[in-house]
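There are 2 protein chains.
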Amino acid sequence: MLDPFPVNSVGLVAPQSLVIDTEISLESGKKLQSYEIAYETYGQLNADKSNAILVCHALSGHQHAAGYHTREDKKAGWWETCIGPDKPIDTNHFFVVCPNNIGGCHGSSGPSSINPKNNRLYGPDFPVVTVKDWVKSQAQISDALGIDQWLAVVGGSLGGMQALQWAIDYPDRLKYSVALAAAPKLSAQNIAFNEVARQAIMSDPDFFDGHYAEHDKTPRQGLMLARMLGHITYLSDDMMRDKFGRELREGKLNFGFDVDFQVESYLRYQGRSFVDKFDANTYLLMTKALDYFDPAADYNDSLISTFQQARAKFFIASFSSDWRFPPERSREIANALLYAGKEVTYAEFEVAEGHDAFLLPIEKYINTFHAYMKRIASESELI
Amino acid sequence: MLDPFPVNSVGLVAPQSLVIDTEISLESGKKLQSYEIAYETYGQLNADKSNAILVCHALSGHQHAAGYHTREDKKAGWWETCIGPDKPIDTNHFFVVCPNNIGGCHGSSGPSSINPKNNRLYGPDFPVVTVKDWVKSQAQISDALGIDQWLAVVGGSLGGMQALQWAIDYPDRLKYSVALAAAPKLSAQNIAFNEVARQAIMSDPDFFDGHYAEHDKTPRQGLMLARMLGHITYLSDDMMRDKFGRELREGKLNFGFDVDFQVESYLRYQGRSFVDKFDANTYLLMTKALDYFDPAADYNDSLISTFQQARAKFFIASFSSDWRFPPERSREIANALLYAGKEVTYAEFEVAEGHDAFLLPIEKYINTFHAYMKRIASESELI
Numbered sequence: 011m012l013d014p015f016p017v018n019s020v021g022l023v024a025p026q027s028l029v030i031d032t033e034i035s036l037e038s039g040k041k042l043q044s045y046e047i048a049y050e051t052y053g054q055l056n057a058d059k060s061n062a063i064l065v066c067h068a069l070s071g072h073q074h075a076a077g078y079h080t081r082e083d084k085k086a087g088w089w090e091t092c093i094g095p096d097k098p099i100d101t102n103h104f105f106v107v108c109p110n111n112i113g114g115c116h117g118s119s120g121p122s123s124i125n126p127k128n129n130r131l132y133g134p135d136f137p138v139v140t141v142k143d144w145v146k147s148q149a150q151i152s153d154a155l156g157i158d159q160w161l162a163v164v165g166g167s168l169g170g171m172q173a174l175q176w177a178i179d180y181p182d183r184l185k186y187s188v189a190l191a192a193a194p195k196l197s198a199q200n201i202a203f204n205e206v207a208r209q210a211i212m213s214d215p216d217f218f219d220g221h222y223a224e225h226d227k228t229p230r231q232g233l234m235l236a237r238m239l240g241h242i243t244y245l246s247d248d249m250m251r252d253k254f255g256r257e258l259r260e261g262k263l264n265f266g267f268d269v270d271f272q273v274e275s276y277l278r279y280q281g282r283s284f285v286d287k288f289d290a291n292t293y294l295l296m297t298k299a300l301d302y303f304d305p306a307a308d309y310n311d312s313l314i315s316t317f318q319q320a321r322a323k324f325f326i327a328s329f330s331s332d333w334r335f336p337p338e339r340s341r342e343i344a345n346a347l348l349y350a351g352k353e354v355t356y357a358e359f360e361v362a363e364g365h366d367a368f369l370l371p372i373e374k375y376i377n378t379f380h381a382y383m384k385r386i387a388s389e390s391e392l393i
Numbered sequence: 011m012l013d014p015f016p017v018n019s020v021g022l023v024a025p026q027s028l029v030i031d032t033e034i035s036l037e038s039g040k041k042l043q044s045y046e047i048a049y050e051t052y053g054q055l056n057a058d059k060s061n062a063i064l065v066c067h068a069l070s071g072h073q074h075a076a077g078y079h080t081r082e083d084k085k086a087g088w089w090e091t092c093i094g095p096d097k098p099i100d101t102n103h104f105f106v107v108c109p110n111n112i113g114g115c116h117g118s119s120g121p122s123s124i125n126p127k128n129n130r131l132y133g134p135d136f137p138v139v140t141v142k143d144w145v146k147s148q149a150q151i152s153d154a155l156g157i158d159q160w161l162a163v164v165g166g167s168l169g170g171m172q173a174l175q176w177a178i179d180y181p182d183r184l185k186y187s188v189a190l191a192a193a194p195k196l197s198a199q200n201i202a203f204n205e206v207a208r209q210a211i212m213s214d215p216d217f218f219d220g221h222y223a224e225h226d227k228t229p230r231q232g233l234m235l236a237r238m239l240g241h242i243t244y245l246s247d248d249m250m251r252d253k254f255g256r257e258l259r260e261g262k263l264n265f266g267f268d269v270d271f272q273v274e275s276y277l278r279y280q281g282r283s284f285v286d287k288f289d290a291n292t293y294l295l296m297t298k299a300l301d302y303f304d305p306a307a308d309y310n311d312s313l314i315s316t317f318q319q320a321r322a323k324f325f326i327a328s329f330s331s332d333w334r335f336p337p338e339r340s341r342e343i344a345n346a347l348l349y350a351g352k353e354v355t356y357a358e359f360e361v362a363e364g365h366d367a368f369l370l371p372i373e374k375y376i377n378t379f380h381a382y383m384k385r386i387a388s389e390s391e392l393i
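Protein chains in written order, with the working numbering: chain B, 11 to 393; chain W, 11 to 393.
Be aware that a few hints might be false.
Put simply, identical chains are the same to the list, so a pair is met inside one copy or across any two.
For lysine-lysine, the following DSS-like pairs were computed, each having C-alpha atoms within a straight-line distance of at most 27 Å [to be verified]:
#1 K41 / K253
#2 K41 / K262
#3 K85 / K287
#4 K142 / K40
#5 K253 / K195
#6 K352 / K59
#7 K185 / K287
#8 K352 / K384
#9 K195 / K262
#10 K253 / K374
#11 K262 / K142
#12 K253 / K146
#13 K85 / K41
#14 K185 / K374
#15 K41 / K84
#16 K352 / K142
#17 K384 / K185
#18 K374 / K85
#19 K262 / K40
#20 K195 / K384
By construction, these hints were calculated from the structure, which means they are not laboratory data.
The model shown is predicted, which means the values in this text are computed figures rather than measured ones.
Next up, chain B with everything else stripped away, as it sits in the complex (with noise of 0.2 Å):
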């Protein structure tokens, strides 16, 4: 007999998809006549449709974000740590949805699903999308799923980004804004660490322009760099430290250019499992929607005034050892917020763990987010 699933999960979790025939435009001024969603659903949706959470994903996200999809799964969803019964998260209180975001490879429509108007694979011609058009979408499936307001809309990284942008393009349509690990837009250096990953993938013999599935290649080599390379970033140089060290594989340095440090066969292994999972038009697509994501820009790069129309309260978390997007740049969108007049809660937690900190199962991070998502439950009568 298999192992029972562990209580505080949602456990077993069916895929769902639905159609969007409203036609989409894009900020690139491309449109979308229709677009397929991949999403989950965890928890029950109250009467009055009042206690309803929209989980936004990061770059390598997608919809499958807690639970198991068969018994067999050794892994569960990406944000297991905290979306489930008794957590942060509290699928006992909650409905949460979390939708795969158009240009993902997933199951929504993206690169590597087939354009209807030709019949062909997207590919390369998927067009490029922005933090801004994936809220617009969102707001097209909250409508198809009838859900008006959300109660909140939550996420890290690229994820906090879209939350925030909820905040600002529809304010009456969400109460609470929750973004961790996040920035109000990438730095230069952020952006040119994208650049590297997209050369690396671009430049690739397999990638034809963006074509390789038609002639059935994939550009690995590419990908891995560039998964190589994220990973580095995701981490903080004191857990590398603490993980890695300077430890050998073997014990012994080979004087060749096999792997000698373990932290290069770590580095390997996770660009190599990566590749097997992911698209490669779709990281680009995500690395661009990161750097465009720049809500000031249309508020005279004043982010006050960006969020001067918000009406959601907020939750801004912020680890401090993330060199991705490290805690200035959380402390730019609480402090913009304050002026703006927002309500706002800030917190910076003191971890070695880096960018991928808002992952995991961190006690003094979870217990704070927990304590938020609680008090957001309070105030809306759900408990």
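Fit chain W to the supplied structure of chain B, relying on the hints for placement.
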């Protein structure tokens, strides 16, 4: 008529070379029966040979540290800022020698030179060399030049590591060791970045297991990616912000994968121009030399014991925004030297320029470095 060289430049310099016919045993266990060294000298060796300074180059450096090879040269040597009359390494007093390290690609024996054993290119068969190996070969070079003792061995980054290794391995053959922007060993994160760079080169289909020259190819894309990535780690986040911010190259987003931001264009340019002047196999060797540097490994991992036998005086300097080898790493060196009872001067500069700062004309740094070098000249009765 061409403009004259700047007055504080060493002006026209001639490439020199010598052949070392003494066998050298390398840390890997391999040997070179003989090897060629390309080098340059600036200033005049005095009668008692007491004013000789060895300058060691870093990852992508070479022997051309100062001056110009022709009247038409637009660019001077890589450390023109610091070497020349009235500069920190003042050629009015000092005789400066800068060799290209073995494994290099600027005239010294390395992957792109001919293996005398079989009259074919070394290519990937050139042995892995370490900082210790370089210092050993530099000791042989000293013998060949008739220099029993260097007044100082000086370098930045990987060059600084050589300056430290000299003090450990040949305590009687130098009076001062000057290590700028260095570290006592690489962190896991440092190694991780090097590994991504190596994977970029080695996975380029034009790499041919290092035998690219025999195929009339060069792994351009891989080497370009490696350099782009390296470049990000040489600059600080702040400096990138000041230099590029989120400035758009064409004043608007393109919603495609061509260059949007200035920083992307800059990095691509840096990558492309590097490929024309550097050899991929050498890049691999240099990154391994960095990864392997760990002098304390021979002394029970105690940096204090490592420095115990040193007899030199030390100048250690670091730069606040250097996130490749941050000030903490230089402080580890300075503290270990102090505990080992050595005379050490430590300077930390508050600058925005990142790791590359040691190459740049930053007044407070140049003045302090100059003052220390004057002290060396004065203590040695050269002035």
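Status of each hint after checking the structure:
no.	hint	result
1	K41 / K253	neither (46 Å within a copy, 36 Å between copies)
2	K41 / K262	between (57 Å within a copy, 20 Å between copies)
3	K85 / K287	within (14 Å within a copy, 48 Å between copies)
4	K142 / K40	within (14 Å within a copy, 59 Å between copies)
5	K253 / K195	between (30 Å within a copy, 17 Å between copies)
6	K352 / K59	within (25 Å within a copy, 72 Å between copies)
7	K185 / K287	neither (35 Å within a copy, 58 Å between copies)
8	K352 / K384	within (20 Å within a copy, 59 Å between copies)
9	K195 / K262	between (44 Å within a copy, 16 Å between copies)
10	K253 / K374	within (21 Å within a copy, 38 Å between copies)
11	K262 / K142	between (51 Å within a copy, 17 Å between copies)
12	K253 / K146	neither (41 Å within a copy, 34 Å between copies)
13	K85 / K41	neither (36 Å within a copy, 50 Å between copies)
14	K185 / K374	within (25 Å within a copy, 53 Å between copies)
15	K41 / K84	neither (39 Å within a copy, 51 Å between copies)
16	K352 / K142	within (21 Å within a copy, 60 Å between copies)
17	K384 / K185	within (14 Å within a copy, 67 Å between copies)
18	K374 / K85	within (24 Å within a copy, 55 Å between copies)
19	K262 / K40	between (56 Å within a copy, 16 Å between copies)
20	K195 / K384	neither (29 Å within a copy, 47 Å between copies)
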